[in-house]
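Asks: Sequence:
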Amino acid sequence: MLAIINTPGGPEPAAIREVAEPELRPNEALVAVHAFSLNRGELRLFQVRPEGWRPGQDIAGVVLQAAADGSGPSAGTRVVALTDQAGWAERAAVPSHRIAPLADNVSFGGAASLPVAGLTALRSLRHGAPLLGKRVLITGAAGGVGNLAVQLAVRSGARVTAIVGSSERGQVLNGLGAAEIVTDIAQAQGRFGLILESAGGASLTAAIQRIEARGTIVVYGNSSGEPTALNFRDFAEHQNARIQAFHYFTSEPEERFGADLALLASLLADGSLKPRIVEHSWRELSRIGPLLRDRQIPGKAIFNIDQR
Numbered sequence: 001m002l003a004i005i006n007t008p009g010g011p012e013p014a015a016i017r018e019v020a021e022p023e024l025r026p027n028e029a030l031v032a033v034h035a036f037s038l039n040r041g042e043l044r045l046f047q048v049r050p051e052g053w054r055p056g057q058d059i060a061g062v063v064l065q066a067a068a069d070g071s072g073p074s075a076g077t078r079v080v081a082l083t084d085q086a087g088w089a090e091r092a093a094v095p096s097h098r099i100a101p102l103a104d105n106v107s108f109g110g111a112a113s114l115p116v117a118g119l120t121a122l123r124s125l126r127h128g129a130p131l132l133g134k135r136v137l138i139t140g141a142a143g144g145v146g147n148l149a150v151q152l153a154v155r156s157g158a159r160v161t162a163i164v165g166s167s168e169r170g171q172v173l174n175g176l177g178a179a180e181i182v183t184d185i186a187q188a189q190g191r192f193g194l195i196l197e198s199a200g201g202a203s204l205t206a207a208i209q210r211i212e213a214r215g216t217i218v219v220y221g222n223s224s225g226e227p228t229a230l231n232f233r234d235f236a237e238h239q240n241a242r243i244q245a246f247h248y249f250t251s252e253p254e255e256r257f258g259a260d261l262a263l264l265a266s267l268l269a270d271g272s273l274k275p276r277i278v279e280h281s282w283r284e285l286s287r288i289g290p291l292l293r294d295r296q297i298p299g300k301a302i303f304n305i306d307q308r
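The working numbering puts the first residue of the sequence shown at 1, with every later residue one more than the last.
Read the hints as simulated data drawn from the structure, not as lab findings.
There may be inaccurate statements among the hints.
Label pairs and their computed distance ranges (CB to CB) [claimed, not checked]:
#  : residue 1 : residue 2 : range
1  : 274       : 209       : 28 to 34 Å
2  : 189       : 11        : 47 to 53 Å
3  : 103       : 232       : 32 to 38 Å
4  : 293       : 232       : 42 to 48 Å
5  : 48        : 23        : 22 to 28 Å
6  : 180       : 287       : 33 to 39 Å
7  : 103       : 240       : 38 to 44 Å
8  : 175       : 287       : 40 to 46 Å
9  : 180       : 274       : 16 to 22 Å
10 : 74        : 180       : 23 to 29 Å
For each residue, glycine too, the CB sits at the ideal point set by N, CA and C.
All chains, please: the whole structure from these sequences, using the hints.
Replies: Here it is in structure tokens:
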């Protein structure tokens, strides 16, 4: 079968090559991958992983062979799934507890946008639950995670302030229910019970100034690459506020992946969640990757695999 492998010594960082078929464990299903998404964090892995490493976490497709232990969906089921790696291939082995079925009205491209970005958005927001009536600030709101976080927070009854890199990037949030869309935390009104922070550096420093007493700042990224200046005297006016380090993969028990993916897939099916995606052939990965890195892709980068 064909798969994408890491080629750090070649003319491009990744290439499509023939590889062996997956070997299934008893609790793994074999999925024919129709679409996958590329996350910005995965671009950095190409620079540090060895020759031949196989990337890929976000996938959507059809179950070809159900898990031998009887768990998970049956053959022929349309699914969204999360893999540790090696998902960018014609076929992938996936633990059954990391698979969720898809409604017929959900596209593979839309579903493939959900696992990493959707789980990060959903699980980071849980640190502020209940959200009804809560003031929530989300940095990087035009990105893959931020866009979904805005929608999920609004749906849960929060009053959302979205921080975007530019007014042009903010246009992707029009109609999604954010009360404010601004380009700097300094422009936001008031303080917040929950802040989702992904930029780091000066952005995180500013976020500390805007958290309410007993509020929570969930830090799930550092896209700026800058160090953050922290002065804990800044918390004097925000008593019992906290900074919560976050990673979607370990934030909740392993067995919850399937349930959370199913929740996100159901919201996509009923129209409550509208990920912004841009679709390409998987043969264009090397061309699209640098555009995603430089934030020139207005949404989640989705790659479709030719079905042979």
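Asks: Using the Cβ atoms, figure out if residue 103 sits within 38 to 44 Å of residue 240.
Replies: 43 Å, holds
Asks: Return holds or violated for the Cβ distance of residue 175 and residue 287 against the range 40 to 46 Å.
Replies: About 30 Å separates the Cβ atoms of residue 175 and residue 287, which means 40 to 46 Å is violated.
Asks: Return holds or violated for the Cβ distance of residue 293 and residue 232 against the range 42 to 48 Å.
Replies: This hint is violated: roughly 34 Å between Cβ atoms.
Asks: Do the beta carbons of residue 103 and residue 232 sit within 32 to 38 Å of each other?
Replies: 48 Å, violated
Asks: Is it true that the C-beta distance of residue 180 to residue 287 lies inside 33 to 39 Å, as the hint says?
Replies: Taking Cβ atoms as reference, residue 180 and residue 287 lie about 36 Å apart, which means the hint holds.
Asks: Taking 23 to 29 Å as the hint, is the beta-carbon distance of residue 74 and residue 180 inside that range?
Replies: Check failed, 46 Å falls outside 23 to 29 Å.
Asks: Is 16 to 22 Å a correct range for the gap between the Cβ atoms of residue 180 and residue 274?
Replies: 20 Å, holds
Asks: Measuring from beta carbon to beta carbon, are residue 189 and residue 11 in 47 to 53 Å?
Replies: At roughly 50 Å between Cβ atoms, residue 11 and residue 189 fall inside 47 to 53 Å, so the hint holds.
Asks: Should the hint that residue 274 and residue 209 are 28 to 34 Å apart at their CB atoms be regarded as holding?
Replies: About 32 Å separates the Cβ atoms of residue 274 and residue 209, which means 28 to 34 Å holds.
Asks: Residue 48 and residue 23, beta-carbon distance inside 22 to 28 Å?
Replies: Roughly 26 Å apart at Cβ, these two residues keep to the hinted range, so it holds.
Checked against the numbered hints given earlier, the structure breaks hints 3, 4, 8 and 10 and satisfies all the rest.
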